[in-house]
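Chemist: For reference, the chains in residue letters:
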Amino acid sequence: MITTVTLNPAIDREYFVDKNEVMKNQFIYDDEDLKIYPGGKGLISAINFKSLGYQDVQNIGFVGGKQGLFFEKMVQKQNIISNYIYTESEIRNNVKIIGRDPATYTQYNDYTYQVEKEEVKELIVRFKRSISESNCILISGSVPEGVDFDIYQRLIKIAKEKGKHVFLQASGEALKLALKSKPDIVTPYFKHHKTILDMEINDKEDYIKAGKEIQKRGAKRVMIPFHCDRLLFDKNGDVYQLSPRGYCIVNWLGSSDAYNTGYLDYAFQTEKFDFLEANRHGGAAALWIAENKEIYLQNREDYNSYLDRLEINKLEV
Amino acid sequence: MSDVRDYMVRTMNSVTTDDSIRKAIILMYRSEQSVLPVVDHQNLFVGTIYSNNILKNIIPESFGFLDSSRLFYEVNEAVENLKYVKDEKVEKYMSRNRDAVKEDSDMKKLADIMLNNKESVLFVINDQGFLRGFIERSNLLYYLLDQTGVQTAAKE
Numbered sequence: 001m002i003t004t005v006t007l008n009p010a011i012d013r014e015y016f017v018d019k020n021e022v023m024k025n026q027f028i029y030d031d032e033d034l035k036i037y038p039g040g041k042g043l044i045s046a047i048n049f050k051s052l053g054y055q056d057v058q059n060i061g062f063v064g065g066k067q068g069l070f071f072e073k074m075v076q077k078q079n080i081i082s083n084y085i086y087t088e089s090e091i092r093n094n095v096k097i098i099g100r101d102p103a104t105y106t107q108y109n110d111y112t113y114q115v116e117k118e119e120v121k122e123l124i125v126r127f128k129r130s131i132s133e134s135n136c137i138l139i140s141g142s143v144p145e146g147v148d149f150d151i152y153q154r155l156i157k158i159a160k161e162k163g164k165h166v167f168l169q170a171s172g173e174a175l176k177l178a179l180k181s182k183p184d185i186v187t188p189y190f191k192h193h194k195t196i197l198d199m200e201i202n203d204k205e206d207y208i209k210a211g212k213e214i215q216k217r218g219a220k221r222v223m224i225p226f227h228c229d230r231l232l233f234d235k236n237g238d239v240y241q242l243s244p245r246g247y248c249i250v251n252w253l254g255s256s257d258a259y260n261t262g263y264l265d266y267a268f269q270t271e272k273f274d275f276l277e278a279n280r281h282g283g284a285a286a287l288w289i290a291e292n293k294e295i296y297l298q299n300r301e302d303y304n305s306y307l308d309r310l311e312i313n314k315l316e317v
Numbered sequence: 001m002s003d004v005r006d007y008m009v010r011t012m013n014s015v016t017t018d019d020s021i022r023k024a025i026i027l028m029y030r031s032e033q034s035v036l037p038v039v040d041h042q043n044l045f046v047g048t049i050y051s052n053n054i055l056k057n058i059i060p061e062s063f064g065f066l067d068s069s070r071l072f073y074e075v076n077e078a079v080e081n082l083k084y085v086k087d088e089k090v091e092k093y094m095s096r097n098r099d100a101v102k103e104d105s106d107m108k109k110l111a112d113i114m115l116n117n118k119e120s121v122l123f124v125i126n127d128q129g130f131l132r133g134f135i136e137r138s139n140l141l142y143y144l145l146d147q148t149g150v151q152t153a154a155k156e
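Protein chains in written order, with this note's numbering: chain A, 1 to 317; chain B, 1 to 156.
Certain hints may be false.
Output of the computed footprint for chain B on chain A, the stretches with three or more beta carbons under 8 Å from beta carbons of chain B [said to hold, decoys possible]:
1) 78-85
2) 128-134
In silico DSBU-like links for lysine-lysine, alpha-carbon gap of 30 Å or less [stated by the list, open to error]:
3) A:Lys162 with B:Lys102
4) A:Lys157 with B:Lys155
5) B:Lys86 with A:Lys164
6) A:Lys121 with B:Lys118
7) A:Lys157 with B:Lys109
8) A:Lys121 with B:Lys83
9) B:Lys23 with A:Lys66
10) A:Lys157 with B:Lys83
11) A:Lys117 with B:Lys102
12) A:Lys164 with B:Lys118
13) B:Lys92 with A:Lys77
14) B:Lys118 with A:Lys128
15) A:Lys117 with B:Lys118
16) B:Lys155 with A:Lys220
17) A:Lys73 with B:Lys83
These are calculated hints, taken from the structure and not from any lab test. Glycine included, every Cβ here is placed at the ideal spot set by N, Cα and C.
With the hints as extra help, turn the sequences into a complete structure.
Modeler: Spelled out as structure tokens, the structure:
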């Protein structure tokens, strides 16, 4: 069983129009121009794992209200095992308007979702009993309003006490506190501010300093997105840079989730784990998403053909 | 041959034996499921809690025979009883039946189990007994509907 955690999921709605104009009614008649899908970092990885052939994949988190039930149905349609705490508050809806000519992208991000303390307590209880079949837990994404920033720290502590491996993708205060529970693999992401552990991140030296600090605070291995590259921090202190060659990016959505999937899939499939090879697989999966206008991976063969387009160089630090 | 896993609903929505009845009611209401699986602290299936069972225990004498003249009195009595019952444990009101089906069971067998036990919902487990979800009559009917298509195609 693979367990992924998505605390702040959303229903993502994409509307494609010829031209996005203010004060103009738009009419959508073609279902190709309207896409509705369940969103959330951990969930996208869960759907990817399912596409790669894993039988049991569960997604743990919160959903709320009638729209939460609709969200859950969409998740179940992907053959993912839903494992949700139902909240009083309605789930988020993110709306994206994509204009064709001129090419525009307007996004309305919904941050109204609110989780109650009792619901958080319930999530902890559910998480504790639901990870018994999993060796590895992927925790990824943001934390909703009402949930304390130490939530990842608490979840990781439970997982580590049960001897599980934890892969964490987080940002801000939640990331900072989570490091106290010593997750195995950490990949930070930038949300509103370009900071990691309260440090301003501008040039490459800042990234390297942040990666080393994350390791110092408890993570065994770290991967930090660096423009279109990744900086990789192995547990022995070595630092590498992974770079794609000759790429043409058409889509960002889902690429970091594909990276996490590719990395972990390699780890699950191999008997002799190699950190750099795991990242090469992650990078290939992310590159396939970025070049193919897809959100989810379809199969391993697609992105395995991208493996030789990634180079990894050791950095002198 | 079709397996239960082809038609089931995959969800870990559940309560444990030591959860309160209040928690079970809230979960039933929010998830729109009037029957919930009961699991242990490892997620192993141990039984079922029915909303009917809870109702029978809070309106013990007249359940099923509510007459409109007595309705107000009965509802008040139910509310009073629930004040006590809500803090009791699921363990006291659950059925420790083991009529769960395996996810790799044949759908043909499911019809037998469902009709013989008069169950509208059956919980689905894996070979080790861990909860995987549920399957209900509508899923069974949908399977049968699929079969009508298969049979028609075979005849053609």
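Chemist: Against this structure, judge whether each hint is valid.
Modeler: Evaluated hints:
Counting residues of the region 78-85 of chain A whose C-beta lies closer than 8 Å to any C-beta of chain B gives 6; at least three are required, and the coverage claim holds. For a cut-off of 8 Å, the count of residues in the region 128-134 of chain A with a CB near a CB of chain B stands at 5, and the three-residue condition holds. Distance hint between Lys162 of chain A and Lys102 of chain B is fulfilled; the C-alpha atoms sit about 27 Å from each other, no more than 30 Å. A C-alpha spacing of about 60 Å is found between Lys157 of chain A and Lys155 of chain B, which places the hinted pair above 30 Å, so the restraint is violated.
Taking the CA atoms of Lys86 of chain B and Lys164 of chain A, the gap is near 35 Å; set against the 30 Å cutoff, the hint is violated. Between Lys121 of chain A and Lys118 of chain B, the direct Cα distance comes to roughly 36 Å. Violation of the 30 Å bound is thereby established for this hinted pair. About 43 Å separates the Cα atoms of Lys157 of chain A and Lys109 of chain B, which puts this hinted pair outside 30 Å; it is violated. Taking the CA atoms of Lys121 of chain A and Lys83 of chain B, the gap is about 23 Å. The hint holds against a cut of 30 Å.
Distance check on the hinted pair: Lys23 of chain B and Lys66 of chain A sit about 19 Å apart at the alpha-carbon level, within 30 Å; holds. Proximity of Lys157 of chain A to Lys83 of chain B is assessed by CA-CA distance (about 36 Å); at most 30 Å being required, the pair is judged violated. Taking the CA atoms of Lys117 of chain A and Lys102 of chain B, the gap is near 36 Å; set against the 30 Å cutoff, the hint is violated. Distance hint between Lys164 of chain A and Lys118 of chain B is unfulfilled; the C-alpha atoms sit about 41 Å from each other, more than 30 Å.
Restraint check for Lys92 of chain B and Lys77 of chain A: the C-alpha separation of about 35 Å exceeds 30 Å, so the hint is violated. For the proposed pair Lys118 of chain B and Lys128 of chain A, the alpha carbon gap of about 34 Å is over 30 Å, so the pair is violated. With a C-alpha separation of about 39 Å, the suggested pair Lys117 of chain A and Lys118 of chain B falls outside the 30 Å cut-off, and the hint is violated. A threshold of 30 Å between alpha carbons decides the hint, and for Lys155 of chain B with Lys220 of chain A the separation of about 62 Å lies outside it, so the pair is violated.
For the hint pairing Lys73 of chain A with Lys83 of chain B, the CA-to-CA distance comes to about 34 Å; that exceeds 30 Å, so the pair is violated.
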